[in-house]
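**Student:** Combine both chains into one complex, guided by the hints.
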Amino acid sequence: MILPLLSSSTGFDPVSEFTNFVKDPYVNLPFGLDINKGVVYLWLSGLLAILVPLLIIRKGLKPKPSRSQEFLEMVYDTAYTQIAKAGLPDEGMRIWFPYVATCFVFIWSMNLLGFIPLPFSGETVDIAGVTLPKLQIYAASANLSVALTLTLVTFFATHIEGIRYNGVVGYFKSWIPSGTPKPILPLLIVVEVLSQLVRLVSLSFRLFFNMLAGHLVIAVFLGVGALMAASLGNAAFAVHLIGWPMGVALYLLEATLIAALQAYIFAALSALYIGGAIHPEH
Amino acid sequence: MALNGDINTASKTIVLGLATGFGAIGPGIGVGIIFGKTIEAVGRQPELRGQLQGMMWLGFALTEAIVFYALGMAFVAYAIT
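So the protein lines, in turn, are chains U and D.
Residues 1 to 282 in the numbering used here are what the first sequence spells out, letter by letter.
Residues 1 to 81 in the numbering used here are what the second sequence spells out, letter by letter.
Next comes chain D alone, as it looks inside the complex (with noise of 0.2 Å):
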């Protein structure tokens, strides 16, 4: 079982996976937590379910695209180094 290759490409691939785990953390926090309480809220105040889904689909999408800021820079690391 040979591995042949780069070590340049090798390790721009490390810490492009690297990058986007860790840029993947907080967002994953966040978007538990938003979830979480959204539940929550609507166990508290069953009433007022349609207004908080609204509310959390929007935290949702402003959290998750944290991710994508990491992932795309970690993409234009990999594509300019």
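This is chain U alone, in the form it adopts within the complex (with noise of 0.2 Å):
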């Protein structure tokens, strides 16, 4: 995204950010392991999800807490209480307590690194003679791939930690509520598992579109007057005065706001699937 958007010549196409940097990769491997734009935020996000905690914890922890030890104590409490206590019963909690936190830490490091302009985008830009990088906002959950592969990983943890509680007859069983007629059993059992296979689609999906709607909408409202211009001639250019303050409006919230509310979401849905899973309700 070309901040400010401010020729009509260039096209302006928001979702191409999100598509094209599978095409061209930095680094070409094998089996598509690529290393391309996607998977360098990745990296950065993982490592801003270790090094943020892991340096505030090395500052050394005071009875009486700085305001980035109370920022960690916040965080690591409602990853405890919110998140964990809500959904996991006690004999989960050793195991995936930390899973879930886990989730919560680095899905909010992706999203928030998605909200800071960062030089990947692999185009340029030559202001006053110098070449620039352009900058460019895109987020590592904004991608099924990253947002499904997390959603597999819980949807697994489920069922294996449902199986090895409960037995796998136990475990089945449970699905289906007791005392349930005969004849509706069989309707009974594909509602059942299509909603234990729905649950796969509305995880990922509820990341992935969250994050990708919030940067396009974010992308078009910033240049919407652009756009207009490019067809209707220079005058829209007056629309930016109404586009750009709710570009930055959405902006803000979605960085504060839906980046941890996502990233939450996914824990406390991970966590009550588990928990589920390992005490069956019926």
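Hints are not guaranteed to be accurate.
No more than 35 Å apart at the CA atoms, straight line, and that leaves these computed lysine-lysine pairs for DSBU-like [as the list claims (entries may be wrong)]:
(1) LYS12(D) to LYS134(U)
(2) LYS85(U) to LYS23(U)
(3) LYS59(U) to LYS85(U)
(4) LYS23(U) to LYS12(D)
(5) LYS85(U) to LYS37(D)
Just so you know, these hints were derived from the structure itself, not from any lab.
Since the model is a prediction, treat every value here as computed from it, not as a measurement.
**Tutor:** Right under this line is the structure:
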């Protein structure tokens, strides 16, 4: 995305930055293990998620916490009481609290990194004779592969834990409420299996589309003036007067609220699903 | 002021917008109900605020995701037709 978008001659295609990077990776590797923009963003988010807490802890924890320590304690407390305790039973805490907390912190750092303009677009722009890389906002989580991979981990964890705690027969029996009349049993089995599979779609799509649509809507609001000027003439640049404040407002909303909320939701639902498999309700 | 282009693309773009817009009606109402009811509940029992807020955000996200199903399907329809 070009900021500011003032020239009406260049094409405005906000979707391309989410699709084209697959075709021209930085490093070509076999088996589709190319290192492209998405991979670099993943590495950076991983580093962010590891280094920030590590540096705060290395600085020394005190009984009277500094502001950074207070922030870290708040994140831990949210992950422990709000996410893990709400979904997981006590015997599952030891293994799965680290997992859901990691999900929370990692997805949050992915989302946050997506709102910092970084020079990984591979395109350049000339400003006063100096060639600079174009800044661009892109989130690793605005990518179905990333969201789906995280979802698959939760999916397999759910069923493996369910079988481990309840046994194969006991676990699959627990999907069907006891005392179901025989005639509607086949229908109920189909519905239950479908609902388990729909979780795969809903969990991954929620994260993926929230971040993708968030970025697209910011890009569209910032660029709508130039887009309209391209077909309607230069007077339409006045639309920027509405578009830019809206774009900035949406940017602030997405970066502060939605980025954290989506990470929270993913982790909380993972905890609920895994907890539900360990201790089936019906 | 002459607009030129492909009628096919134009209609697809309009439908993309319409589908997303109609898909946003239901979740919009739903999100409103969730926040309204939570405010009501906190007004009645302020001591349950923490518990209610956790559930509120969960419900908010579950409802909000429906917009993205509409948007996703609209994109798919846009891409394959």
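**Student:** Hint by hint, note whether the structure agrees.
**Tutor:** The hints, checked one at a time:
1. LYS12(D) to LYS134(U): Judged against 35 Å, a Cα distance of about 31 Å means the pair holds.
2. LYS85(U) to LYS23(U): Distance of about 43 Å is beyond 35 Å: violated.
3. LYS59(U) to LYS85(U): holds (29 Å)
4. LYS23(U) to LYS12(D): It holds: about 26 Å lies between the C-alpha atoms, which stays within 35 Å.
5. LYS85(U) to LYS37(D): holds (24 Å)
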